[in-house]
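Protein chains in written order, with our numbering: chain V, 1 to 677; chain H, 1001 to 1201.
Calculated from the structure, these hints are not laboratory results. Just so you know, nobody snuck in bad clues.
Computed footprint of chain H on chain V, listed as stretches where at least three residues anywhere in the stretch have a Cβ under 8 Å from a Cβ of chain H:
{"no.": "1", "segment": "253 to 260"}
{"no.": "2", "segment": "263 to 276"}
Capping the alpha-carbon separation at 20 Å, the derived lysine to aspartate or glutamate pairs in DMTMM-like fashion look like this:
{"no.": "3", "chain 1": "V", "residue 1": "K214", "chain 2": "V", "residue 2": "D581"}
{"no.": "4", "chain 1": "V", "residue 1": "K214", "chain 2": "H", "residue 2": "E1017"}
{"no.": "5", "chain 1": "V", "residue 1": "K220", "chain 2": "H", "residue 2": "D1021"}
{"no.": "6", "chain 1": "V", "residue 1": "K214", "chain 2": "V", "residue 2": "D634"}
{"no.": "7", "chain 1": "V", "residue 1": "K453", "chain 2": "V", "residue 2": "E524"}
{"no.": "8", "chain 1": "H", "residue 1": "K1022", "chain 2": "H", "residue 2": "D1033"}
{"no.": "9", "chain 1": "V", "residue 1": "K214", "chain 2": "H", "residue 2": "D1021"}
{"no.": "10", "chain 1": "V", "residue 1": "K214", "chain 2": "H", "residue 2": "E1011"}
{"no.": "11", "chain 1": "V", "residue 1": "K214", "chain 2": "H", "residue 2": "E1020"}
{"no.": "12", "chain 1": "H", "residue 1": "K1022", "chain 2": "H", "residue 2": "E1011"}
{"no.": "13", "chain 1": "H", "residue 1": "K1022", "chain 2": "V", "residue 2": "D631"}
{"no.": "14", "chain 1": "H", "residue 1": "K1022", "chain 2": "V", "residue 2": "D634"}
{"no.": "15", "chain 1": "V", "residue 1": "K214", "chain 2": "V", "residue 2": "E580"}
{"no.": "16", "chain 1": "V", "residue 1": "K214", "chain 2": "H", "residue 2": "E1013"}
{"no.": "17", "chain 1": "V", "residue 1": "K308", "chain 2": "V", "residue 2": "D569"}
{"no.": "18", "chain 1": "H", "residue 1": "K1022", "chain 2": "V", "residue 2": "D632"}
In this text, a Cβ means the ideal position worked out from N, Cα and C, and glycines have one as well.
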Amino acid sequence: MFGRLTIEALPLYSAIAMGGALIVVFGTLAVMAAITWMRAWGYLWREWFTSVDHKRIGAMYVILALIMLVRGFIDAIMMRTQQAIAVNSDGYLPPDHFDQIFSSHGTIMIFFMAMPFLTGLINLVMPQQIGARDVAFPYINAMSLWLTASGAALVMVSLVIGKFSTAGWTAYPPYSGIDYSPYVGVDYWVWAVLLSGIGSTLSGINFLVTIIRKRAPGMKLMFMPLFTWTTLCTSVLMAFAFPAVTVVGVLLELDRVAGMHFFTSGDGGNMMNFANLLWIWGHPEVYILILPAFGIYSHTVSTFSGRKLFGYTSLVWATCAIAILSFTVWLHHFFTMGSSANVNSAFGIATMIIAVPTGVKVYDWLFTLYRGRIRFTVPMLYTIAFIVTFVIGGVTGVLLAFPPADYLMHNSTFLVAHFHNMLIPGALFGYFAGLNYWFPKMFGFRLDERWGKRSFWCWVVGFYLAFMPLYMLGFMGMPRRMEHYDVAAWQPYLVVAFLGAVLILVGLTFTIVQIVVSVRRRAELRDPTGDPWNGRTLEWATASPPAPYNFAVIPTVTGRDAFWTMKADGTAWRRPARYEDILIPRNSAFGPLIGAIAFVLGFAAVWHMWWLVALSAVLAAIVVIIRSSNDDTDRLLPAAEVERIETAWLAEVAAAPRPVDEPARGVPSAALPGAAT
Amino acid sequence: MSDAALPAGLEAEATAERIEDKAFGFWIYLMTDGVIFALLFATYVVMTVGTAGGPTGADLFNLTHTFGETMLLLVSSATFGMASVAAREGDRRAVLLWLVVTAALGVGFVIMEGLEFSGMIAQGAGPDRSGFLSAFFTLVGTHGAHVSVGILCILVMLAQIAARGLTPPVASRLFRLGLFWHFLDIVWIGIFSIVYLPGVL
Ligand code: HEM
Ligand SMILES: [Cu+2]
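Turn these sequences into a full structure, and let the hints guide you.
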């Protein structure tokens, strides 16, 4: 009945594990109690959980990402604490627990922090940037969200019931095979990755179709805002790289539960095939994470320096080049695993070539800033920190791309420093910049600048303190994933890294404070016009938060920076001659339902409750069939209602003071709200 | 809120656009599924040497049987084509008929594959015997699972066509299912020429 699930699965074996479990359980209960107390269940269900509106789905993705960021960071600081004290001693974490922590940290940060964060921002912004009313497939969009959430829930549940994987975020066999990891940890990893991976593949397809088919009239490909371009490339990678991780997860699971021999060390298994399949997904994945951030930076540099983006065309081509090249370098993750020198050189050279388009981008951003009138807002600060820091990470990457050097650095903390040096400035800081930049679009008010800046400084200084010592440690020969060590010379560096993590903790706390403070000051921070930063692209042409249909009248585009042009010729915030009826997709329980079923299916599979696996698979099939047989999914927003919404907003625009931040040089006065009625 | 509340023109326009979006999206989905099969093919090819002293393709494959499966699937693609033609002509009864024939051929294919699999397992050549057999069962089985899903979808289409007729959304689903079915045919031709033929020759 319960498969291999018994009372032993509770973390009674360790006080620390028990503590983690209790925090998860009581945290969840506290949130649920608060919602009940505020009687918000009905509201949340009707307006949010069942919503198929891309803006709401985007916001929910971002909230999921922030929650998982906290979880992933707790893991990180636990590791930092352990390594700071565990010289010639056991520290406070037993090896088995430490191993779970680095595995869950990596898995969470990649799949459940970064992926939802970027998917959320894309959802929020991209359809508005191309002048569309929604993504192409709003119901699939909801399904993607809830599949991702169900994967995240599986990782969280593993804290309470059973254990998480100890095989690292890459789950290399044979260690992740049934002989060495007989318990449920690896199964949790596989199912969490599979569910969210399917969600990501579907998101990729969805965004791709949206960008190709839903652009406003006149928006040629080369008129698209850069974030839309990077989204296009990321979506291609999501659609075509994620199937590889699906395959590798399924094959590993077949080895584990059906006794097959894909990756076993005998019986005809081939472990190298795992490394190949995993990294055929894994390398494109890092560009999936980084390209959207590149898009965000391209907007922040130009908006906050009041200049048009330098080298638009080269940025577009550089993005496409990176996307294509990203499929040609996967072997650099295992130079040391027995390929011939010729093969290694080919992949090493391919890797170095990627640095070229990336360098082109850095120069384009710098030239955009050059002689601009820079506004040092929070997104701009993150952008500058990114440019400087990312170049350092890029240089260490080129170093690692050189196979003989990689032989020395491989598996050391030098590598850990390198990829954090890419992912924190290159992805996370970008998402933070995007969050600060687009938050008004999500909720209608800006984020508090003061707390944002405090948080920024802690994150950046903390990052340097936490990761620069790891480069040194790498040179000193410290391997990654060390639970304890006996080289006293390493400890001072690890203590500095720990202090850096503490500073990041302060930064993360300030990020949360920033959000709380902003919610409380929301009336003051309100964005009445929808264009709080004097923006250039179409997402600023809608209200904040936008009406369900985004644009009452689909704009016609004649060039790049479409909204800037509209403000310049005084056509922004114009009342059309007449409003029309608009169809919008109706809310549906389909998304949350599929997510719930997927969660049960994954949980049952982890614990070998095969009857429940079968039952949930049948249920999922029924739900999908019912949903896809439905031809009546739209609801009508009559012209009168549209007119009411738009009139109220335009009145607010007319009454609004000049934008909070000083407009950039050379803005014609017609661009200012208030002058537009 | 019912359909009646929606202005017919707006609704028709939205439906038409959605159908085109879905057709395009479905092509991309097929490409992602193609990636899955490509990786399974690559895995299979890499693992053909991993027989671990157990049976090889030459010991196990029976080309006559495989030829039968191939015929069922190829003919089913043709009958699906007939259904599509009938749908274009708006001949509902013919569509239903051809779909039933297609589904029956598909079921025949799945049964033959099941017989082949169970025969191999009975000889001790199951997927847990060797890496080679794991790869074989997974590649061919994934294709078989796709065919089974396709059959289920045909049944759903039969119900929809019977209940609603060939409305634009229903017809568009039939079109996409057709793409799926023919895609599986192409994959099977890959399986025939990469798995069975070299295995026996
Ligand atoms: C916020 C500050 C962060 C800190 C302090 C931190 C710290 C750490 C530490 C201590 C490790 C283990 C290193 C070792 O093996 O010796 C680690 C591993 C890892 N981190 Fe982070 N990290 C942070 C953020 C991130 C982010 C944002 C990402 C990805 C987007 C990330 C992805 C990973 C991955 C993939 C691993 C490898 C896990 C494994 O070994 O399997 N980390 N991190
Ligand atoms: Cu890589």
